[in-house]
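Enquirer: This is what each chain is made of:
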Amino acid sequence: MHFFSRKNTKFIFAIVVLLIVVFISSRGVDGPARGAALWIVSPFMKTFRIFSGGFHGFFQFLGSIGDLKKENEKLIEKNQQLEAEIVRLKNIAEENNLLRKELDLLPRNKYELETSFVIGQEAFGAGSSILIDKGANKEIKEGMAVIVSNGILVGKVSQVFFDTAKVTLIADRESVVNGEVLESGAKGIVRGTYGLGIAMDMISQTEVIKEGDTVITSGLGGSLPRGLFVGKIGQVSQSEDKLFQQAVIFSPVDFSSLKVVSVVKKF
Amino acid sequence: MKNFYLFLLILVLFLFQYSALGVFLKSEQIPNLFVALTVSLAVILGFEKSLGWVILSGFWLDAGSFWIIGSGSLALVIILWLIDKIKAIAEFRSKKHWFAILLFLTAGLSSILFDGLLEIIFKTEKIFFADINPVHLFSSSGTDYVLKTIGTALSVIPLYFWVRQILKKPKMPLLRNTKELRNTN
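The listed protein sequences derive, respectively, from chains Y and L.
Yeah, the first sequence ends on 333 if you go by the numbering used here, and it's all consecutive.
Yeah, the second sequence ends on 360 if you go by the numbering used here, and it's all consecutive.
Be aware that a few hints might be false.
With a cut-off of at most 25 angstroms between alpha-carbon atoms, the simulated SDA-like pairs for lysine to any residue come out as follows [as the list claims (entries may be wrong)]: (1) 76/Y to 319/L; (2) 73/Y to 178/L; (3) 301/L to 94/Y; (4) 73/Y to 342/L; (5) 325/Y to 190/L; (6) 207/Y to 262/L; (7) 136/Y to 155/Y; (8) 201/L to 155/Y; (9) 298/L to 73/Y; (10) 260/L to 207/Y; (11) 298/L to 93/Y; (12) 76/Y to 230/L; (13) 76/Y to 201/L; (14) 224/L to 72/Y; (15) 262/L to 81/Y; (16) 73/Y to 304/L; (17) 76/Y to 190/L.
Non-contacting residues of chain Y with respect to chain L, defined by C-beta distances greater than 10 angstroms in every case (computed) [said to hold, decoys possible]: (18) 80; (19) 92; (20) 96; (21) 107; (22) 121; (23) 159; (24) 165; (25) 277.
Derived, one-sided and incomplete: chain L residues facing chain Y with beta-carbon distance under 8 angstroms [stated by the list, open to error]: (26) 199; (27) 226; (28) 269.
Note that these hints are calculated values from the structure, not bench results.
Beta carbons are placed, not taken as given, at the ideal position from N, Cα and C, and that holds for glycine.
With the hints as extra help, turn the sequences into a complete structure.
Expert: Written out as structure tokens, the structure is:
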């Protein structure tokens, strides 16, 4: 059997054709093809996702019946604490409004949000990107912030198709967000780490940061609004070159089970 | 009709791979159903007849994964060619248990090979096209990776039987009629 048999020739031909496809795609022309493919399957993806979610939720519910009583007690306690907190915050809000009037400041703008279903996730690797069911048809643009619970940052829109968009989570290794420690005002860069972890680095040595401090978006660069909650600081350490401090951040969001997110269209 | 069902199967696999399985499993644990399909097609149809289907499923894989289109297909075609080179597995069809074990092992090894090939492809792409975001398939923890590989290896068994069922030749009514005629005579 010689090397250039019919089968091997077909194999080499297929490889060459695919290499050409890779080359052409890398020039950015694969967007419409990918968009068209996702446009065809996105309604089915949504249905599959909702159906699977219901199925999963039902079995999770069956499995968790035993823990419900304990959880209920905890939630009642937490609810009481939160109610007290709401009353306190309402007072502060009223005071804030009065002060803003006195100082003749405009009221804070609320975000213009586009609520979207998560219809897919990265199926290989660390799972640091998701697919949502809104795209260019709803004026979603690259770089827009994606949040949950009206203020917790989960990622940024990284690719937009006609009726879907890819969101790169802040836990992605390539993700970079300007962050700020609320308590001290220390600024740094929030990056994704291996797996679905987040860390803040490039924090100046002169800044005092401690475990439990709150990290928010600083709004530097203007691409993300200021004040989106990123997470709480965990362990603080020195960078390898000892020039900066770095800290592990614990996000309150479970990135692997996102169902509904909101895209910040205007802020 | 067979082709249509096979096309439908690829779409259903896509929906499971990128939408449904993510609800139940961590992203790092999701089995690679497209590798399992490639193994099944290679064993049932051989290289030449399944080449088109493997390229098509590779394109869907690329479309869902946000890699450069063609990368996943490239890795799947290499796997298809390699499996076709090892024809021994098909000779065990009559011994069901051995055949299932061999399918399991082939799919597991193919899954690891697929990830390895993709890492090489991505690194090569990164050399030529610097603005590409690298993808790291081996970045998941050891346990997750083992679970994913086992999942891929297990999924090949039902997939093999579905694909075989789809591709089964229909009974030819004409021939059956001739037989019936002979019997009545």
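Enquirer: Each of the hints needs a verdict: does it hold here or not?
Expert: Now the hints, each set against the structure:
1. 76/Y to 319/L: Given that 25 angstroms is the threshold and the Cα spacing comes to 36 angstroms, the pair is violated.
2. 73/Y to 178/L: holds (22 angstroms)
3. 301/L to 94/Y: holds (14 angstroms)
4. 73/Y to 342/L: With Cα atoms ~21 angstroms apart, residue 73/Y and residue 342/L stay inside 25 angstroms; holds.
5. 325/Y to 190/L: holds (16 angstroms)
6. 207/Y to 262/L: violated (50 angstroms)
7. 136/Y to 155/Y: This hinted pair is violated, its Cα atoms lying about 28 angstroms apart.
8. 201/L to 155/Y: violated (37 angstroms)
9. 298/L to 73/Y: violated (28 angstroms)
10. 260/L to 207/Y: Cα-Cα ~47 angstroms, so violated.
11. 298/L to 93/Y: holds (17 angstroms)
12. 76/Y to 230/L: Judged against 25 angstroms, a Cα distance of about 13 angstroms means the pair holds.
13. 76/Y to 201/L: violated (38 angstroms)
14. 224/L to 72/Y: holds (12 angstroms)
15. 262/L to 81/Y: holds (21 angstroms)
16. 73/Y to 304/L: Cα-Cα ~31 angstroms, so violated.
17. 76/Y to 190/L: violated (30 angstroms)
18. 80: violated (5 angstroms)
19. 92: Nearest chain L Cβ is 5 angstroms from residue 92/Y, so the label is violated.
20. 96: At roughly 4 angstroms from the nearest Cβ of chain L, residue 96/Y sits no farther out than 10 angstroms, so the non-interface label is violated.
21. 107: Its Cβ does come within 10 angstroms of chain L, the nearest being 6 angstroms, so this is violated.
22. 121: Label violated. Min Cβ-Cβ 8 angstroms, cutoff 10 angstroms.
23. 159: holds (38 angstroms)
24. 165: holds (45 angstroms)
25. 277: Per Cβ check, residue 277/Y is outside 10 angstroms of chain L; nearest 25 angstroms; holds.
26. 199: holds (6 angstroms)
27. 226: holds (6 angstroms)
28. 269: Residue 269/L check fails; min Cβ-Cβ to chain Y is 25 angstroms, beyond 8 angstroms.
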